[in-house]
Structure formats: C-alpha cells, structure tokens
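Participant: One line per chain: the protein sequences are A and B, in this order. Going by the numbering used here, the first residue of the first sequence is number -9, and it counts up by one from there. Going by the numbering used here, the first residue of the second sequence is number 209, and it counts up by one from there.
Don't read these hints as lab results, they were simulated from the structure. Any given hint could turn out to be false.
[To be verified] Computed footprint of chain A on chain B; a stretch qualifies when at least three of its residues, placed anywhere within it, have a C-beta under 8 Å from a C-beta of chain A: (1) 211 to 225; (2) 438 to 447; (3) 450 to 458; (4) 552 to 564; (5) 569 to 575.
[Unchecked claim] FRET-style restraints, in silico, Cβ to Cβ: (6) A:I94 <-> B:D581: 32 to 38 Å; (7) A:V127 <-> B:I213: 30 to 36 Å; (8) A:G251 <-> B:I451: 29 to 35 Å; (9) B:K215 <-> A:R317: 47 to 53 Å; (10) A:I94 <-> B:I213: 21 to 27 Å; (11) B:K233 <-> A:T124: 38 to 44 Å; (12) A:V219 <-> B:K233: 51 to 57 Å; (13) A:E249 <-> B:A504: 34 to 40 Å; (14) B:S301 <-> A:R317: 25 to 31 Å; (15) B:Q413 <-> A:R315: 23 to 29 Å; (16) B:K362 <-> A:G251: 55 to 61 Å; (17) B:G280 <-> A:L170: 41 to 47 Å; (18) A:L148 <-> B:K362: 56 to 62 Å.
Every value quoted in this text rests on a predicted model; they were computed, and no experiment measured them. Note that the Cβ used here is the ideal one computed from N, Cα and C, for glycine as well.
Single-letter residue listing:
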Amino acid sequence: MIFQPAIIALLLASLVSAALLAGAAPYALEIIRFWDLRSGSERQLALERRTYLLSTVASFVFATQVVALLLFVFNADRMAAMIVGAMCAVGTLSVNNFGFPALISQIVLFFAAVCWLIINHVDERSPDYPLLRTKYVLLLLLLPLVLVMAALQFRFFLGIKADVITSCCGSLFSEENEKLGGALASVPVRPAMIGFYSTLALAILAPLYYRWRGTGAYVVAALSALAFVAAIVGILSFLSLYIYEHPNHHCPFCVLKPEYGYGGYWLYLPLFSATAAGLGIGALQPFAARPGLSERVPRLSRRLAGFAAGMFLLFALIASVMIARSRLVLLG
Amino acid sequence: MKIWIEKQKYLIDYTLASLARRKVKNAGLLVVYSVLVFVLASVMLFTHALRHEARTVLEGAPEVVLQRMVAGRHDLIPPGYLERLGRIRGVQSQEGRLWGYYYDSVVKANYTFMAPNTEAEAIAPGNIVVGPAMARVRGLAAGDVLTLRAYTGKLTRFTVARILPQDSELVSADLVLMSSDDFRSFFDMPAGHFTDIALRVANPQEVRNVAAKLAAQFPDSRPILREEILRTYESIFNWREGIVLLLSSLAVLAFVIFAWDKASGLAADEKREIGILKAIGWETGDVIRMKFWEAALISVFAFLIGYLAAYVHVFHLASALFAPVLKGWAVLYPRFKLSPVIDGLQVATLFFFTVFPYAAATLVPIWRAAITDPDAVMR
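Construct all of the structure, not just a fragment, from the sequences and the given hints.
Facilitator: Right, here's the structure in full:
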C-alpha cells in the first residue's frame, strides 16, 4: 500500500460511511415495520424522533460519497506519478483488478446517493412523511452498495504496489484494444459526433418540454442516462482527440491533468450534475400521483429539469468550445 | 428557492447570535479545532512544497544517467564508452560527467565536487565556485584561498572565484565547482574516465526504450531514469506525510471525542433555549438545521484560521515546529525558503481529515439536543 494522505482520508470516509449506514440499518428496519403515523403510541413517538437522526445520518453519508467521488478521481490522477508506467488516472486504476470496479461503484453510488437525497428532500418538506417507508427501503438497498464500494476501495488501495508496471491510457483506450475501452475509442468520428450532439440535444429538449408541459418524466431520466453514455463515448471517441490535439490519444482521464488546464473538471462536473438531476426526476416520478405530493413533486421536478437542461447545455457548449479551439482537424 | 434562502439566512443570523452568547465555550472549541487544522495543514503544506521543489529541481536533470557497476558498486566510466554508445535513436545529447564527494575533516562534512561541462560555466584552473552552506561553514568569501588535501596527499590551493547564489541553496548547499583538469588531478583520476554519462531524451515515452537499449548494450552498467528518481521522491514525501498524519490521527480522535463531548454536554440554559424555541413553534428539523449551521460556521472559521496560520508557519516561519521530522538533517544542511504552493487535492484531503470527523462526531449529539421535549426542559 502506498501511504498517501488522500488515501487515508478516502478510506476513513468510506469506513465511517459504511459504519454509520450499517448502524442505521436496524433502526430503518424498525421504522419500515412499525411506522404508523395515525398511532399515538410510545413506539411511534420514538420512531418519529429517530427518523430525524436516520435521515440526517443518511444525508450526511450520501453527501460525503458525492464529494468522495471527486476526491477519488482527483487522487487517482495524482497518484500516477508514483506508479511505474502510469501517465494518468488510468494507470493508477489498472494497477490491480479493483481500481476500475471501485471507480464504477463509486459513480453508481454517486447517482444513487443524489436520487436518495432528492427523495429525502421531498419527504422532509412534507408534513406527513409520505415517502418515509420508501426512503428507508431505498436506504437498506443502498447499504450493500456502500459496503461493496468500501470493500472495493480497501482492496484497491491496500493492493497498490508501486513496482507493478501498469498500462498507460495509450494502451487501454487504443483502437487496437479489443476490450470495451478500445471498442469505444474506435467508434468512428462522424457517427459518434452525430450521436453525441443529437442525444445531448434531446437531453436538453426533453427536460425543457417537461418543464413546460409537465409530462415525460421517465423519458427525461432515460434520455439523461443515454446522454451520459453518449457523452462518455463522445469524449472517448473524438472529444479527447480534439483536446489533446493528437489523432490517437483517446484517454478520458488525461483531461483532468493541469497540462490541459484541468479541462476535465469543466466537462465532468456539468455532465455528472446534469445526469444526476435528470435521473432524480425519474426517481421522483413514481410518487408524483401520491396525495399530498401532487404539487410538491412536480414543482421540484420542474426545477430539476431546468437545472438538468442548463447543465447539459453547458456541457455541450464547453465541449464545442474545446473542439472549436483545437488545432486538430478530424473532419475535413 | 427564495424562501429557502431567506430561511437559511435567518437561521444563520440566529446561530451567530447564539454562538456569541456562549463565547467562552465556543471559543474553546474553535481554538482546539483551529490548532488541529493548523497541525495537519502545516504538515501537508510543507511536504507538498518540498515535493514541488523536488520536481522543479529535477526538471533540469538529464532524463537518463548511465552508471557503470563493478561487482554491484558504482565505478568510473572507462574511456571508449561514450564512443561505443554511438547513436541511440531518441537521444538528443550525451555527455560524460565528472562529480564526486569529498570528506572535509575540518567541518566533518561531505562536499559534492563537480566539474561543469558547459562552456558558459567553465571555471579557470585553480579556481573554485562554492555553495552557500559550505561558504557559511568555512567562512569563505570570493577571493579567499581554500587549501584542501587531494587524494594524492598533496595540499592543493584553490581560489574562491565566487559563491553560488542563495536561492539555489536547496541543491547547491555543499557544492564545489572546479575545472575538469583540476577535478581529475585532485582525485587522481586518469584522463578519459568519467563518473557517469548523462543522456537527454526529448520524448518522455522513449525514455524506457532508451534505458532498455542501454541495458542491453552495456550489461555492466545501470541506467537511472529521472522519472524513477521523481517517483521515489514523491513516494518518500507521501510516506513521511502519511506517517505524520497517522500519528496525528490520535489527535483527530481526541478531537472527535472532545467535539462529541462538547456537543452532547448541553448546558441547562442551552437546553432551555431549545425548549423555548420548540415551544414557540420550531420543529425538530429546524433545530437540527440550526445546529448544523452552528457546526458549519465553526468548521469554516476553524478551517480558515488553521489553514492561514499553517500557511504563515510554513512559508514565513520556515515551519519551525515540524521541520526536524520532515526535512531530515545534515551538517551542511541547506537553508532554503519554500515557494508557496497550494494544492486542491490537499485542501480536499485536509477537509476530510478535520471537518468530516467533526461532523460525524456531532451528528448524534445534535439530534439528541434537537429532540428534547419543551416541557421537560422548561419545567
């Protein structure tokens, strides 16, 4: 293991998160089983008090995980300097078999955490806790994910050996590579570009339409997820080439480096927040028809839709500016 | 949204007033919190500045250095090696270097002797240029004469041509520069021999290939890569930083207990205050939010105070408190001033080390305080 402050901090964060959530789980179960708002029993009063603690703990854990994703990527990029053969985060993450699974679980957890926080927000704003059971069931469902993420992170960080030669992004995302990374990198430029912009356009228009007419929430969520995939494919297949001004460099992580002005953060922050907001609209939709929520949910969803559209637009604009400013000519 | 912001504004307003009402208690917490941030931030800023310094220093170093080995020990490069090297694709330039160490029994320290290759730095025979730390220890100034005992046993007189500038002290503290002829005769080194060979490689991705070719062509030599040196430095500094942080984790733990205690041991008047708030219509959620703002405000202040103090400590007071652990020591230790660098990853890490444990520790006590029944405390 490499003894690195950021690693210690990340491990601390996931350990505390896992412990807090695991500690909260029995109480969540109790609330799911015995919650009855109409009852005035002593147990119900205790549960009502406890739910404040549980939702605070869970909000704290999930907010931590949202920040931890950023720290994880930041740290992986920085650690490349210490690992033989690594030029960027890719090298760090492929130093053993747990790097990419850890990253992916962290990303999945990020989106799940944001959805949970949105549902929690709605629930706390309503006087009669309409989503209480749902949110604790979700919390119990998310607990294994947090545990898996923490375990993967531990395996990854404890298994890092500085003398293992890892592969650099050049080999993982090269067109000759047969695996997923290579396959995505070798998507031809013109179709990828068309797919990229058309999906993004849909992902911008759908939330705007939702804001206007109030229908199509699931479409918005699906298109957001699709736009996320299309954006990643676009970054791999052509956007990276424009940024690096190099016809064969397909890495989605090198953009995070200072050499490229930390441009990656400008791309990924809007992309991730837009996708999270879009998914949040879908996560809220099942409850839109519930009595007491028929006004609150659409109002919040409209706001989220505006945010998602804005962020996708920002992402598309930043990507376009990067392409326009590049001196590389791919389509000529 | 506007209502929400207004609400938070009133909450913050109330919280600030309530914090000010209990000045002593909160000031105590703030001081302890700031000291913790200060200690951790000092360590981080200092090691990061050292790392930064190492990186800048090595920027000018040759990408590959070839050393000849005899029975696993570093030996001189014999004549003919430079020619045998010939042209390796990707190598911009190659040169034999002359350098070594000299133990001065007067000050009981090692000097680094070096003969610069470039014309611009050429030094006239009989002259030397010395580093600032050595000049300090031996009390030298430009024009002085320094007598050193050569390896042949002969006492050799050198005139100090000039002292190297102070700002290069980190790398030149114990440096002595002389002409290559002087160097050879001083160390009794035959002509045509070199200490090692430095190679310049323009493309960083070629460096490993060049090293592989060198290893194949000269089985008795070892190539040393600049990136390897950098990586070693990086690991060493990270490791030292990690050790110090791990030791300070005891302090973090103590702080967590302290924070927990402070947050749960509510004074009677605080309890009454919460009771009154609830009696006049505050909900449990509001009290939690108010307490959250309290924790956030204290954290932000402590973080800022601690971080600023650490910045001053490291970059203006030469990190007097931690330097012995983090720097190491030597007789001719360079005096150097670190250039201030702040790193985003570090700030984020520091945040996780301080604010995160604090928040985690105060969650339950805050909740405990918030659920108090108004009638129970006001009675």
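Participant: Look at each hint and say if it fits the structure.
Facilitator: Hint check:
| no. | hint | result |
| --- | --- | --- |
| 1 | 211 to 225 | violated (count 0) |
| 2 | 438 to 447 | holds (count 6) |
| 3 | 450 to 458 | holds (count 5) |
| 4 | 552 to 564 | holds (count 8) |
| 5 | 569 to 575 | holds (count 4) |
| 6 | A:I94 <-> B:D581: 32 to 38 Å | violated (47 Å) |
| 7 | A:V127 <-> B:I213: 30 to 36 Å | holds (32 Å) |
| 8 | A:G251 <-> B:I451: 29 to 35 Å | holds (34 Å) |
| 9 | B:K215 <-> A:R317: 47 to 53 Å | holds (51 Å) |
| 10 | A:I94 <-> B:I213: 21 to 27 Å | violated (36 Å) |
| 11 | B:K233 <-> A:T124: 38 to 44 Å | holds (40 Å) |
| 12 | A:V219 <-> B:K233: 51 to 57 Å | holds (53 Å) |
| 13 | A:E249 <-> B:A504: 34 to 40 Å | holds (35 Å) |
| 14 | B:S301 <-> A:R317: 25 to 31 Å | holds (30 Å) |
| 15 | B:Q413 <-> A:R315: 23 to 29 Å | holds (25 Å) |
| 16 | B:K362 <-> A:G251: 55 to 61 Å | holds (59 Å) |
| 17 | B:G280 <-> A:L170: 41 to 47 Å | holds (45 Å) |
| 18 | A:L148 <-> B:K362: 56 to 62 Å | holds (58 Å) |
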